[in-house]
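Could you build the full structure based on these sequences and the hints that come with them?
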Amino acid sequence: MRFIVSSSALLKNLQLVGGIISSNTVMPILENFLFELKGNTLTITGCDLETMIKTQLEVQSENAEDGKICVTSKILLEYLKNLPDQPISFNINNKDLTIEITSNSGKYKIGGEKTDEYPKEPNPENASTLNIPSSRLADAINKTIFATSNDTLRPAMTGVYFELNEGDLTFVATDAHRLIRLMYLDINPTQTGNFIVPRKPLQQMKNWLPSDDSAVSLSYTDTHLFIKSNNTSLNCRLIDGKYPPYRAVIPADNPFLLTINRTDLINALRRVSVFADKSTTQVVFDIVGNTVTLSAQYADFSYEGNEKLNCQFNGEDMKIAFNARLLVEMLNNLEGEEIALELSVPSRAGIFKPTANSDSDDLLMLLMPLMVNI
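If you use our numbering, the sequence shown corresponds to residues 1 to 374, in order.
Just to be clear, a hint being listed does not mean it is correct.
To be verified - What follows is a list of derived Cβ distance ranges for each label pair:
hint: 1; residue 1: 67; residue 2: 274; range: 56 to 66 Å
hint: 2; residue 1: 102; residue 2: 279; range: 55 to 65 Å
hint: 3; residue 1: 122; residue 2: 267; range: 45 to 55 Å
hint: 4; residue 1: 127; residue 2: 293; range: 45 to 55 Å
hint: 5; residue 1: 336; residue 2: 278; range: 43 to 53 Å
hint: 6; residue 1: 191; residue 2: 261; range: 36 to 46 Å
hint: 7; residue 1: 274; residue 2: 38; range: 52 to 62 Å
Said to hold, decoys possible - Straight-line alpha carbon distances no greater than 20 Å define the calculated EDC-like cross-link-like pairs of lysine to aspartate or glutamate that follow:
hint: 8; residue 1: 319; residue 2: 277
hint: 9; residue 1: 74; residue 2: 36
hint: 10; residue 1: 114; residue 2: 48
hint: 11; residue 1: 68; residue 2: 151
hint: 12; residue 1: 12; residue 2: 85
hint: 13; residue 1: 228; residue 2: 116
hint: 14; residue 1: 74; residue 2: 31
hint: 15; residue 1: 200; residue 2: 151
hint: 16; residue 1: 95; residue 2: 116
hint: 17; residue 1: 109; residue 2: 96
hint: 18; residue 1: 74; residue 2: 62
hint: 19; residue 1: 38; residue 2: 151
hint: 20; residue 1: 228; residue 2: 212
The hints are simulated quantities; they were obtained by calculation from the structure and are not laboratory data. Ideal placement from N, C-alpha and C gives every residue a C-beta, glycine not left out.
Structure below.
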């Protein structure tokens, strides 16, 4: 089995697949890439038992001999990272599984492994399928993944909840302190359903989903999700569990509306939170008329800071406190010059929204308040 390939093109595809490979695995074979050559198409696979990524690139096959072999990922990646862009040739001996790599100025040899123990791709039989523009899926992942939980005792909350309804596609993430809900109102699934996707494969998708509107095929069964975009595909095991009833957490009536410049609020929160207790990063919003004062203190060190910002507010004067670290992360994932904060009482969640949700998107970010202690 022999082929010639661009070193930079190969490195790009290996890095895309390599993000899923772990060096601490119970199966040593998973520390390898799986190379499969058919004609002039090289398919590269990486797997961690839960997630599998495949990508294809065109190569120049020299002897029309198809085949497959497992190649050590660490050595190959380190070599290619230090090689200028040039054509390189792979000569694979199918008998002793040695791999000879030839560049313009050197020759290198590594040992390969048989593919018998490499995991097989799950069967997407009877899968339900939905097509979604790549940019929309990538945007949904970006706007939700940061709010997933790290609590392994509640596995359902460690992933993003996909909910296919009649008339919309909804994405939800929560860590019990905040909740993100993004609804695509212009996507109408032909079948209703729901499933929970783990964080790790979603992070990998962020790295290779095109930023254009090319169609991504999203298929799912009771146990697996299958994603395909152009020459790259991913399948992963879904989280087995029931997602929390997120609708019950969203306040039905937050009558008071505060509108404020998003960038000004982010910058002020970053400055004021420097003086906050590091265990909570609590910042108090003291809203009086159309002015909000952000304040924080760290009593153990006599730290204190406050700033005033202009806003528009239609309610009575109020004090409410939030975790500034969580809030800044949320605000960075909202868009637009201004954001709207819907409030009721200091003990109930605040709802953050862009002031200009489009007709096709409905984004809501909920943050639980902290007890006001200053």
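Each hint, compared with the structure:
At about 59 Å, the CB distance of residue 67 to residue 274 agrees with the hint of 56 to 66 Å. Checked against the given bound of 55 to 65 Å, the beta carbons of residue 102 and residue 279, roughly 58 Å apart, stay inside it. With their beta carbons about 47 Å apart, residue 122 and residue 267 fall inside the hinted range of 45 to 55 Å. Roughly 54 Å separates the CB atoms of residue 127 and residue 293, a value that falls within the hinted 45 to 55 Å.
For the pair residue 336 and residue 278, the beta carbons lie near 31 Å from each other, so the given range of 43 to 53 Å is not met. A beta carbon spacing of about 42 Å between residue 191 and residue 261 agrees with the range 36 to 46 Å that was offered as a hint. A beta carbon spacing of about 57 Å between residue 274 and residue 38 agrees with the range 52 to 62 Å that was offered as a hint. Our distance criterion of 20 Å between C-alpha atoms is met by residue 319 and residue 277, whose separation comes to about 18 Å.
A threshold of 20 Å between alpha carbons decides the hint, and for residue 74 with residue 36 the separation of about 18 Å falls inside it, so the pair holds. Proposed proximity of residue 114 and residue 48 is supported: the alpha carbons are some 17 Å apart, at most 20 Å. A distance of roughly 39 Å separates the Cα atoms of residue 68 and residue 151; the hinted pair therefore is violated under the 20 Å criterion. For the hint linking residue 12 to residue 85, the alpha-carbon distance of about 11 Å falls within 20 Å, and the restraint holds.
About 25 Å separates the Cα atoms of residue 228 and residue 116, which puts this hinted pair outside 20 Å; it is violated. At most 20 Å may separate the alpha-carbon atoms for a hinted pair to count; residue 74 and residue 31 meet this at roughly 8 Å. With a C-alpha separation of about 14 Å, the suggested pairing of residue 200 with residue 151 holds against the 20 Å cut-off. Only pairs whose Cα atoms come within 20 Å are accepted, and residue 95 paired with residue 116 is accepted, the gap being roughly 15 Å.
Taking the CA atoms of residue 109 and residue 96, the gap is near 12 Å; set against the 20 Å cutoff, the hint holds. A hinted pair counts as satisfied when its Cα atoms are at most 20 Å apart, and residue 74 with residue 62 does not qualify at roughly 26 Å. Restraint check for residue 38 and residue 151: not satisfied, since their Cα atoms lie roughly 43 Å apart, outside the 20 Å limit. Proximity of residue 228 to residue 212 is assessed by CA-CA distance (about 14 Å); at most 20 Å being required, the pair is judged to hold.
Taken one by one, the earlier hints fail for this structure at numbers 5, 11, 13, 18, 19, listed in ascending order.
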